[in-house]
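Under my numbering, think of the first position of the sequence shown as 2, with each following residue one higher.
No lab work stands behind these hints, which were simulated from the structure alone. Some hints here could point you the wrong way.
What the hints assert, rightly or not - Each pair of labels, with its calculated beta carbon distance range:
no., residue 1, residue 2, range
1, V147, A84, 24 to 32 angstroms
2, M182, D35, 14 to 22 angstroms
3, D35, G183, 36 to 44 angstroms
Quick caveat, the model's predicted, so the values are computed rather than measured. C-beta atoms are modelled at their ideal positions from N, C-alpha and C, and glycine is treated no differently.
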Amino acid sequence: MSTETPLLLVLDLIGTFAFALNGALVSLRATRLDIFGVVTVGMLTGLGGGVIRDILLDALPPATFVDWRYLAAAAAGGVIAFALSPALERFTMPITVADAVGLSVFAVLAAYKALNLDFGVLQAVIVGTITAVGGGTIRDMAIGQVPTVFRAELYAIPAMIGAACAALLYGLGVQNIAATMGAAAVCFVIRMVGVRFGLDAPRPRWQR
Numbered sequence: 002m003s004t005e006t007p008l009l010l011v012l013d014l015i016g017t018f019a020f021a022l023n024g025a026l027v028s029l030r031a032t033r034l035d036i037f038g039v040v041t042v043g044m045l046t047g048l049g050g051g052v053i054r055d056i057l058l059d060a061l062p063p064a065t066f067v068d069w070r071y072l073a074a075a076a077a078g079g080v081i082a083f084a085l086s087p088a089l090e091r092f093t094m095p096i097t098v099a100d101a102v103g104l105s106v107f108a109v110l111a112a113y114k115a116l117n118l119d120f121g122v123l124q125a126v127i128v129g130t131i132t133a134v135g136g137g138t139i140r141d142m143a144i145g146q147v148p149t150v151f152r153a154e155l156y157a158i159p160a161m162i163g164a165a166c167a168a169l170l171y172g173l174g175v176q177n178i179a180a181t182m183g184a185a186a187v188c189f190v191i192r193m194v195g196v197r198f199g200l201d202a203p204r205p206r207w208q209r
């Protein structure tokens, strides 16, 4: 299954938009940035993971720099977050949901892209995980926060499981959009269940 098919391209753009929206909303909540700063953080969040993915896979130049639609999706996410932030702040979950969508889509599509380039299963899972958490890590560093992936909450683990599900289905010959959506749904559900019930990744006893 090629990650360049139209439907998977749409999913990739949705992930880019969702991450950009998330990054911009997080920056608005955590800092006092102007519109340029908000949109910049949003675009870094939306595009960062994909750039890291393409560099790791030696798929150069990165898709971000050869397809204007990625830049447009990221910019749109940042601008919409800035424009609608008062309304979005009334809800408790928009930032988390947008982040979970981006996390899920990026983890699965990056794993598929690695497999299509003849990388092994383990390498595909690693690439999927790094891609999924890369944008959020860049976002947190840009606004001076400890990256979410390094905190106790479930973040990298759902991405890893989603990428592993994608790799398993690929290995079984199940290579269709239903498999893609199913693997992404696994990641999304685990992430949101973790948020809903306050589940954390294991950490030292003295920090509990």
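Consistency of the hints with the structure:
The hinted range of 24 to 32 angstroms is satisfied by V147 and A84, whose Cβ atoms lie roughly 29 angstroms apart. A hinted range of 14 to 22 angstroms for the beta carbons of M182 and D35 is inconsistent with their spacing of about 38 angstroms. Separation of D35 from G183 is about 41 angstroms and conforms to the stated range, judged on CB atoms against 36 to 44 angstroms.
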